[in-house]
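J.: Residue numbers (the working numbering), protein chains in the order written: chain A, 8 to 103; chain B, 8 to 103; chain C, 8 to 103; chain D, 8 to 103.
Honestly, the hints are just simulated from the structure, not real lab data. There may be inaccurate statements among the hints.
Far from chain C by the CB rule (all over 10 Å, computed), these chain D residues [to be verified]: (1) 13; (2) 22; (3) 40; (4) 82; (5) 84; (6) 85; (7) 86; (8) 87; (9) 96.
Sample of chain C residues facing chain D (criterion: CB under 10 Å; computed from the structure) [what the hints assert, rightly or not]: (10) 28; (11) 37; (12) 85; (13) 96.
In this text the structure is predicted, and so the values were computed from the model without any measurement. Where a beta carbon is used, it is the ideal one built from N, C-alpha and C, also for glycine.
Number of protein chains: 4
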Amino acid sequence: MTGAHGYSSQKDNYTKRLRRIEGQVRGIAKMIDEDKYCIDVLTQISAVNNALQSVALGLLDEHLGHCVSHAVAEGGDEADKKLAEASAAIARLVRS
Amino acid sequence: MTGAHGYSSQKDNYTKRLRRIEGQVRGIAKMIDEDKYCIDVLTQISAVNNALQSVALGLLDEHLGHCVSHAVAEGGDEADKKLAEASAAIARLVRS
Amino acid sequence: MTGAHGYSSQKDNYTKRLRRIEGQVRGIAKMIDEDKYCIDVLTQISAVNNALQSVALGLLDEHLGHCVSHAVAEGGDEADKKLAEASAAIARLVRS
Amino acid sequence: MTGAHGYSSQKDNYTKRLRRIEGQVRGIAKMIDEDKYCIDVLTQISAVNNALQSVALGLLDEHLGHCVSHAVAEGGDEADKKLAEASAAIARLVRS
């Protein structure tokens with residue numbers, strides 16, 4: 008089945024949130040261009056980081072509940088691969 | 008002097024980096040729209056978070072070296088206010 | 008089966024690492040008691056945070072590969088519960 | 008003046024908090040030794056990370072308000088050195 012992922016049913020939700028985040032990043036560039044106060048720029052950056060983390064945690068939750076769960080139910084090498092891949096993605100998120 | 012901040016001499020550098028980050032976020036929305044693999048989306052989100060953190064740390068460094076340092080050299084309430092404000096911004100970054 | 012978890016085979020490894028971390032925290036308290044330089048104290052705190060994160064990521068990896076995988080293979084409510092619980096733990100780690 | 012730092016007036020507060028954190032880490036080792044449930048162990052690790060971050064942010068706030076401010080008020084190379092050192096410590100905290 009092509010193109011179906013854990014997040015597929017929520018696709019519109021995620022793309023909408025990401026377009027808003029894109030707008031926030033554009034707003035930050037504008038703030039710098041207009042010499043806005045540094046602390047206000049930093050506040051916006053923290054807000055974008057939180058919004059991105061929230062998107063990432065949602066995607067990860069659905070990935071564990073779909074792709075990883077399907078692989079685990081089937082067992083074998085694919086299950087191990089999917090679990091290792093998920094752990095590596097979690098580590099990148101925790102450390103970013 | 009209006010519009011001069013710690014980061015002013017680096018303005019082009021920062022706006023350029025933020026435009027690149029904006030493009031990356033747009034790319035993530037497109038990945039989701041095209042049903043790309045969840046783990047690849049998460050990898051891109053971690054990359055954007057790291058890039059934003061790096062921008063924030065640069066802005067903060069220049070803020071401490073300019074605005075906060077000027078206020079501290081003058082002393083008084085303004086110095087205390089700037090220091091408290093910087094600490095609060097650092098806390099938001101550490102926790103985001 | 009009582010007392011068997013994903014991390015059981017690695018128990019000695021984890022308790023050894025945690026005893027080392029405990030010693031590092033005791034060392035940080037001593038540094039403060041002896042008026043050591045603040046930046047050196049902060050460096051030690053960052054090291055402890057990294058060491059704890061690394062323990063947490065290891066535990067989580069084994070939890071996904073054992074408890075969560077077993078529940079998923081059996082299916083039903085327990086699988087959903089375990090997945091939700093793991094996602095919540097990941098969110099706490101990412102935000103801490 | 009030897010041994011006086013930004014945090015000196017708060018020394019007892021910090022050492023008390025660190026002894027509590029040390030006890031929490033010892034408790035985590037014990038949880039693993041007693042095969043406690045993985046998710047409960049992870050919850051404790053997140054709590055310790057948050058407590059350590061809070062200590063670090065307090066120390067940093069006082070460091071900026073004392074050591075760094077004194078150096079900035081005096082100016083010269085020492086001010087630049089202290090600012091660079093503080094920025095590097097902030098970066099380590101943000102990334103840990």
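J.: Which of the listed hints are broken here?
T.: 1, 2, 3, 9 and 12
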